[in-house]
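Listed below are the residues making up each chain.
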Amino acid sequence: MLLALGKVERGGLGMCGIVGLFLKDAGLEPRLGAMLTDMLVTMSDRGPDSAGIAIYSGAQDGIGKLTVQSARPQADFKDLDADLKGAIGHLVLMRVKSTHAVLEVPLDQVEAARSALAHLRPGVKVMSAGDSIEIFKEVGLPRDVAARFGVAKMGGTHGIGHTRMATESAVTTMGAHPFSTGADQCLVHNGSLSNHNGVRRELKRQGMTFETENDTEVAAAFISHKLQQGDTLGEAMAATLSDLDGFFTFVVGTKNGFGVVRDPIACKPAVMAETDGYVAFGSEYRALVNLPGIENARVWEPEPATVYFWER
Amino acid sequence: MQSFDLGAEGLRALNSTLHALRGQIDSQQTNMTEWEVVNPRGAHAIAAGVDAPVDITVRGSTGYYCAGMNKQATIRIKGSAGPGVAENMMSGTVIIDGDASQYAGATGNGGLLVIKGNASSRCGISMKGIDIVVHGNIGHMSAFMAQSGNLVVLGDAGEALGDSLYEARLFVRGSVTSLGADCIEKEMRPEHLALLADLLARGEAMGKAQPEEFRRYGSARKLYTFNIDNASSY
Numbered sequence: 001m002l003l004a005l006g007k008v009e010r011g012g013l014g015m016c017g018i019v020g021l022f023l024k025d026a027g028l029e030p031r032l033g034a035m036l037t038d039m040l041v042t043m044s045d046r047g048p049d050s051a052g053i054a055i056y057s058g059a060q061d062g063i064g065k066l067t068v069q070s071a072r073p074q075a076d077f078k079d080l081d082a083d084l085k086g087a088i089g090h091l092v093l094m095r096v097k098s099t100h101a102v103l104e105v106p107l108d109q110v111e112a113a114r115s116a117l118a119h120l121r122p123g124v125k126v127m128s129a130g131d132s133i134e135i136f137k138e139v140g141l142p143r144d145v146a147a148r149f150g151v152a153k154m155g156g157t158h159g160i161g162h163t164r165m166a167t168e169s170a171v172t173t174m175g176a177h178p179f180s181t182g183a184d185q186c187l188v189h190n191g192s193l194s195n196h197n198g199v200r201r202e203l204k205r206q207g208m209t210f211e212t213e214n215d216t217e218v219a220a221a222f223i224s225h226k227l228q229q230g231d232t233l234g235e236a237m238a239a240t241l242s243d244l245d246g247f248f249t250f251v252v253g254t255k256n257g258f259g260v261v262r263d264p265i266a267c268k269p270a271v272m273a274e275t276d277g278y279v280a281f282g283s284e285y286r287a288l289v290n291l292p293g294i295e296n297a298r299v300w301e302p303e304p305a306t307v308y309f310w311e312r
Numbered sequence: 001m002q003s004f005d006l007g008a009e010g011l012r013a014l015n016s017t018l019h020a021l022r023g024q025i026d027s028q029q030t031n032m033t034e035w036e037v038v039n040p041r042g043a044h045a046i047a048a049g050v051d052a053p054v055d056i057t058v059r060g061s062t063g064y065y066c067a068g069m070n071k072q073a074t075i076r077i078k079g080s081a082g083p084g085v086a087e088n089m090m091s092g093t094v095i096i097d098g099d100a101s102q103y104a105g106a107t108g109n110g111g112l113l114v115i116k117g118n119a120s121s122r123c124g125i126s127m128k129g130i131d132i133v134v135h136g137n138i139g140h141m142s143a144f145m146a147q148s149g150n151l152v153v154l155g156d157a158g159e160a161l162g163d164s165l166y167e168a169r170l171f172v173r174g175s176v177t178s179l180g181a182d183c184i185e186k187e188m189r190p191e192h193l194a195l196l197a198d199l200l201a202r203g204e205a206m207g208k209a210q211p212e213e214f215r216r217y218g219s220a221r222k223l224y225t226f227n228i229d230n231a232s233s234y
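First to last, the protein sequences are chains P and U.
Just so you know, we're using the numbering used here here: the first sequence kicks off at 1 and counts up by one.
Just so you know, we're using the numbering used here here: the second sequence kicks off at 1 and counts up by one.
If you're looking for bench data, these hints aren't it; they were derived computationally from the structure.
It is possible that part of the hints are untrue.
Stated by the list, open to error - Among the chain P residues that face chain U by a calculated CB cut under 8 Å, a handful are:
no.	residue
1	Ala266
2	Pro269
3	Arg286
4	Val299
Virtual Cβ for every residue (Gly too), placed ideally from N, Cα, C.
All chains, full assembly: derive it from the sequences and hints.
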């Protein structure tokens, strides 16, 4: 019983901040990056170790995207577009942003490009791959990380941001959130999982691959695996409640969806707001106060052990 | 009325101004008994640690620990409150027009907390004498290890109400998803109806509910009292 009281105390002490926006009003799309950046910077004092953001845009343009990261960007990104074009036989457009680069290829060439990349630049890590997702994450404060990647200038349909106070693995770029373990999928997490080693072993046995020892990556891969098996986003998120043990508020993005689920104890804070223009998530109400029309939004705390998701 | 713009002047300035009122009103060194806080924008610890008979109105929603440790003051929140509102309140009154997040009124020793919307999980956890009136529903694990005081809920209660309860009294008008360990329904006697009538009136819930519509829950006293028959297992 006293242990449970201890959990209440921990829940109040922060440990990561999450923000999310799913736009319903296309008129807001050019401002997605600016709104998400403002929300994430407000959450800085919940976790100063590292920050990351996933932005979804351009789902209809027929272009696929790989977002990659390197510890040696000048060497690794030099001529990478030309080298990749030579390997896959299709035009590759590269946009370098600090330690990250977005590689645009025809949508049906994303997997080919990813395979070629592993040989061409073994030191390069894939942050995300798919039709519309781009993920940027680094060690540092949200304001600095967002500025480094120019997030505020990015438009899009939906996005998720995270600022981390590390508990389960080291403070590194690869330990930062969001984690992406499937095409156009990403997940961020506030909390800590206690059975992630067992779940990781089982998922590996079933063919999933992992980049880190991080608990959140296991949650991301768990949902990706369920989606591969044909579950809907809602079903995959509901399965976390029975199979993942620990504290969590998860926010999940897919190509056309956005979801939220909290564990049954629900120590990790969460506030949501919905208007005709958007659905927004914040670890705290503070993150939502600058959103347009927030004063008339429906604002509520998501219920424990309840899946919320929106799809376009 | 004194108006304080939290966005312009900051939290430290607000709380040190309010703390400085301690003792000044009784000794008539100031007549500044009415305060409003504008632009709260979900900030933490608004009007925490006040110890003076003043009225404070917060015009908007608040973050963690608003009105924490309150003594004497009447604090109205014209919005919703984040986690730990009125935590460890000693006396006075806190009234929230909207909803309250988790552990509202936790460990409260005295005073009255009124939540006109819903309260989420762990409302009144470890309460030690505070009275809490919730016009809506409360979440799971509310009144966990509650020691004394009264929790009145006009709506429904979530899972594990009153788990490991000591001597707090719980009154729920709607459904209870489940009772926690050692929490049982108890007979509603005339003194309880009188107590409820008073709490409903002070909790700005007159006309919304009648005392007879509530059920009373309390401790079965099997978990925390020493039982000689169990001596060998200790």
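Results of checking the hints against the structure:
1. Here the hint on alanine 266 of chain P is kept, as its CB sits about 6 Å from the closest CB of chain U, short of 8 Å.
2. Hint status for proline 269 of chain P: holds, given a least beta-carbon distance of 6 Å to chain U, under 8 Å.
3. Taking 8 Å as the C-beta cut-off, the interface hint given for arginine 286 of chain P holds, the closest approach to chain U being about 4 Å.
4. Restraint check, valine 299 of chain P versus chain U: the minimum CB separation of about 7 Å is within 8 Å; hint holds.
Checked against the numbered hints above, the structure violates none of them.
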